[in-house]
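A.B. asks: Listed below, chain by chain, are the residues.
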Amino acid sequence: AAGVIQSPRHLIKEKRETATLKCYPISRHDTVYWYQQGPGQDPQFLISFYEKMQSDKGSIPDRFSAQQFSDYHSELNMSSLELGDSALYFCASSLTRGTDTQYFGPGTRLTVL
Amino acid sequence: AQKVTQAQTEISVVEKEDVTLDCVYETRDTTYYLFWYKQPPSGELVFLIRRNSFDEQNEISGRYSWNFQKSTSSFNFTITASQVVDSAVYFCALSEADLYSGGGADGLTFGKGTHLIIQP
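Residue numbers (the working numbering), protein chains in the order written: chain A, 1 to 113; chain B, 114 to 233.
Be a bit skeptical, because a hint or two may be false.
Said to hold, decoys possible - In silico DSBU-like links for lysine-lysine, alpha-carbon gap of 35 Å or less: (1) B:Lys151 - A:Lys15; (2) A:Lys13 - A:Lys57; (3) B:Lys183 - A:Lys13; (4) B:Lys183 - A:Lys22.
Said to hold, decoys possible - Chain A regions said to be covered by chain B (calculated; three or more residues, Cβ under 8 Å): (5) 52-59; (6) 74-85; (7) 99-113.
It should be emphasised that the hints constitute simulated quantities derived from the structure, not laboratory data.
Owing to the predicted nature of the structure, the values given are computational and were not obtained by experimental measurement.
The beta-carbon is built from N, C-alpha and C at its ideal position, and this holds for glycine as well.
Produce the complete structure using the sequences and hints provided.
C.D. replies: Rendered as structure tokens:
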């Protein structure tokens, strides 16, 4: 079965620009999670969605927003980009919310210049 | 709050040696789940194992084995007869499901990771 798909895989933006990352979960998975991994760091949970509603919120900056659509894909919108936003952004999905296994996509590497 | 500690920042061994990666966790919840993920140089996060707090049986999968001990809050990972392809960063992670976390928190709490280098 196909895994989690993320697009784009690489993105280069200038400071103060906006970026949109997309995530397509594994088929029949109803929960989507977003994580940010800085260089040499562990992944940090940003936000999650269950059945198209926001489920839990972590350390997501106010400049970031996300949503899950009717086909269960999710988008992470990032505005007023800062140099510190340069990181690997992972999307993960699970069969249901909570403690089910989260399967991660390949990540989007965002570079802010 | 929950916490995961991986005290070994980097481990370097020669191929075919056995190696154990340590993971110690903290949680107030009685129901929780522990995970190990592998992050090879290509960057993706690969799921290895999930264990719930009520199942303390050790698990073996090929060259991989896991030792879960609630008494010491540890969930250690051993690779037997290591190979160069095992070189990666390994993360231990915790997910809570109980009352203290408000009925279940979605995000995984990761340790800082252990960078494993297998030399040929």
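A.B. asks: Against this structure, judge whether each hint is valid.
C.D. replies: Consistency of the hints with the structure:
1. At most 35 Å may separate the alpha-carbon atoms for a hinted pair to count; B:Lys151 and A:Lys15 meet this at roughly 32 Å.
2. Our distance criterion of 35 Å between C-alpha atoms is met by A:Lys13 and A:Lys57, whose separation comes to about 25 Å.
3. The straight-line distance between the Cα atoms of B:Lys183 and A:Lys13 is roughly 46 Å, outside the 35 Å bound, and the hint therefore fails.
4. Distance hint between B:Lys183 and A:Lys22 is unfulfilled; the C-alpha atoms sit about 39 Å from each other, more than 35 Å.
5. Coverage of the stretch 52-59 of chain A by chain B holds [criterion: at least 3 residues with CB-CB distance below 8 Å; count 3].
6. Against chain B, the stretch 74-85 of chain A contributes 0 residues with a C-beta closer than 8 Å to a partner C-beta. That does not satisfy the three-residue criterion, and the hint is violated.
7. Counting residues of the stretch 99-113 of chain A whose CB falls under 8 Å from any CB of chain B gives 9; the rule of at least 3 is met.
Checked against the numbered hints given earlier, the structure breaks hints 3, 4 and 6 and satisfies all the rest.
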